[in-house]
Amino acid sequence: MLRVSGLHLWRGDRHVLRNVSFEAVPGRCLLLTGRNGAGKTTLLRAIAGLLEPEAGQVTWRGAPTRTTRNEFHAELAYLGHEPPLKGDLTARENLAYSVGIRRPVTGTEVDAALARTGAATFADRAVRLLSAGQRRRIALAGVLLAHAVLWLLDEPATNLDAEGQQLVADLVSEQLARAGLVVAAVHHSLPLAAESLTELTLDAA
Amino acid sequence: MNWTWFHRFGSAPYMYGFARRWAPWFGGVALLLMLIALYGGLVLAPPDYQQKDAYRIVYVHAPSATLSLMIYSTMAVAAAVGLIWRMKVAHAAAAACAPIGAWFTVATLATGSLWGKPMWGTYWAWDPRLTSELVLLFLYFGYMGLRAAIEDPQKADKASAVLAIVGIVNVPIIKYSVNWWNSLHQPATRLLGEADMDWSMVWPLLTMFLAFMLFFGAVLLIRLRAELLRRERGASWVREVLS
Amino acid sequence: MKTGAIAAARLVAARDLRLAFRKPSQLLQPLLFFMIVATLFPLTLTPELSRLRDAAPGVLWIGALLSSLLALEFLFRDDAVDGTLEQFALSGQSLTWMLFAKTCTHWLLTGVPLALSAPLAALALGVPVPALGAMIAALALGSFALSLVGAICAGLTLGARRGGVLLSLLTLPLSVPILVFGSDATRQAIAGAEIAGPMYMLGALTVLGVTLAPLAAAAAVRIGLE
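Residue numbers (our numbering), protein chains in the order written: chain A, 1 to 205; chain B, 1001 to 1243; chain C, 2001 to 2226.
Among the hints, a few may not be true.
Below are the EDC-like pairs computed for lysine to aspartate or glutamate, each with C-alpha atoms no more than 16 Å apart in a straight line [what the hints assert, rightly or not]:
#1 K1117/B x D1053/B
#2 K1088/B x E54/A
#3 K1088/B x D1198/B
#4 K2002/C x D88/A
#5 K2002/C x E71/A
#6 K2023/C x E2086/C
#7 K1155/B x E2226/C
#8 K2023/C x E71/A
#9 K1088/B x E75/A
#10 K1088/B x D1048/B
#11 K2023/C x E2073/C
#12 K1155/B x D13/A
#13 K1155/B x E52/A
#14 K1155/B x E54/A
#15 K1088/B x E71/A
#16 K1052/B x D1152/B
Chain C regions said to be covered by chain B (calculated; three or more residues, Cβ under 8 Å) [said to hold, decoys possible]:
#17 2063 to 2070
#18 2089 to 2102
#19 2205 to 2216
Read the hints as simulated data drawn from the structure, not as lab findings.
The model shown is predicted, which means the values in this text are computed figures rather than measured ones.
Think of the CB as a built atom: it goes at the ideal place given N, C-alpha and C, for glycine as much as any other residue.
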């Protein structure tokens, strides 16, 4: 469903992505591994359409994402390094806005998602007062709420404790069970069933 | 229609070779035409009825002004080509154009200022053309400033391309608004009367236009070579060329 | 089932309004700046109201321009820093439309208050009371056009070092037409003459801005997010 073919990308002088090709299918999680600077984040951003590759293309459901950008984005949830949250708003308000611009969402749904990711207890405090781990839990709730088919996750378990890491693994397997796709850049593998994992290693130039 | 000629221009080594071969020709013909035009304008053409010999600065002023605008348009077109067709050479060309255009704008302002002294007794007057040129200079500075301020070269290319396109759309609007402003406050003063100029005054001007355009072409090709070498310094063709 | 465009725009506006009222100092600073600038002119020119009146259109419009340059800083910067601007680009909504909604909200928060508080500065510069209404209208329209143009430059300088000064350098030449017609409208108003001409031109510039500027701003923001 998601196919990346012959992707080349330069950042400045560095040839970060060299002829990257792979296919991601529903029900399987693709893990991107590699050392720091190997291009995991770059690849995720290129798939999401935030970066334009010099060569190659990304197709979603057979159509190049460059031409069907809005439709592609409607089915995509992207979680980068920093959880995208406004510091002056509470978790509830943040999610009401960030999910609301994608699909109509009710307060009950937001509360349910926050509860699922263990963020319910601090859902009413301004985000700037929260720790990095707490913010990440809120961001994960946002990913859940997006009801997206494809998840692009950049080191989703950063700043989370052991219970949090398991949470990420659970959320991913639930997504896979819904016939969703997950592409995740990780340092260590996720505790998931081996048959639902595919690994792609990027080597640094 | 066979578009391969167009896409060949997108190849950096091809453009490098093209620039190396043609720059001397552009430069040589430009110099020749400049000498002819200068002879025609400074020696052969008669003095103006009102301005006597002071008008002769038009032979540098008017072509500089036209060129300052033409180069901005060229820059915007090259930037647009780079943005739409993703041609690195086009971005390189746009980058190479900017300082040349800025200098022509400075030349226009300087010659306009020098002309102002015998004409109005002051080194500066808020003539609509000079004012528009001043704003154009700021547009050039903005373009070059934006390029310099963005670290990533591809981002710098794309962002300055958007700026150049926005700028070229604005240039007619700015000119119109400056003309409006000027007409509110004083009767239209033109540096050169619209009365027909004698052909002996006109042909050196036209020749000078052509000479300046070829001069721009020559300098652009030279700068483009340097720009291409700098951008593609890791590529194998560069190593071959420099060895 | 995707959120409709109008609903998304309303959410964007609501979010920005809520954020603005949680940090009101950010709104007040450009306004205070405008007042201070308007005060500095008499201090550097002359205390005679009759002479200040001649300079008033220039003082008011340059003050408004400088104030909006300050305000433009926080149109996109906060969102770019915490990653929420990226979410706009990934939302499946038209980025052009979202940025237009943001720009309109920004104008409501900066341009409109400026236009409404300009009479204070104007009276201090000797502007006659009958001219104030027209002045407010011109400043409101002109500041909207400035916000639209400024949004493009704000998007372009997202990835730049020392973005603040560069933002001013980029916006100033592009704002010349707005300044020319806006100050002309103010001058006509002060003289008690017909203001329709320059106001129509200002309106035309704004319409052009509304049609084209958000497109350019969206292109700029996408490039800045790379």
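Okay, the hints, checked on the actual structure:
1. K1117/B x D1053/B: Judged against 16 Å, a Cα distance of about 13 Å means the pair holds.
2. K1088/B x E54/A: Between K1088/B and E54/A the Cα gap is close to 10 Å, so the pair holds against 16 Å.
3. K1088/B x D1198/B: violated (46 Å)
4. K2002/C x D88/A: violated (27 Å)
5. K2002/C x E71/A: holds (10 Å)
6. K2023/C x E2086/C: violated (22 Å)
7. K1155/B x E2226/C: holds (7 Å)
8. K2023/C x E71/A: Status violated; Cα separation ~35 Å.
9. K1088/B x E75/A: Outside the cut-off at roughly 33 Å; violated.
10. K1088/B x D1048/B: violated (48 Å)
11. K2023/C x E2073/C: Answer holds: K2023/C to E2073/C is near 15 Å, not above 16 Å.
12. K1155/B x D13/A: holds (12 Å)
13. K1155/B x E52/A: holds (10 Å)
14. K1155/B x E54/A: holds (13 Å)
15. K1088/B x E71/A: violated (30 Å)
16. K1052/B x D1152/B: Violated - the C-alpha atoms of D1152/B and K1052/B are around 54 Å apart, more than 16 Å.
17. 2063 to 2070: Violated, because only 0 residues of the segment 2063 to 2070 of chain C bring their Cβ atoms closer than 8 Å to Cβ atoms of chain B.
18. 2089 to 2102: violated (count 0)
19. 2205 to 2216: That given contact holds, which follows from 4 residues of the segment 2205 to 2216 of chain C lying within Cβ reach (below 8 Å) of chain B.
Consistency note: the structure conflicts with the earlier hints numbered 3, 4, 6, 8, 9, 10, 15, 16, 17 and 18.
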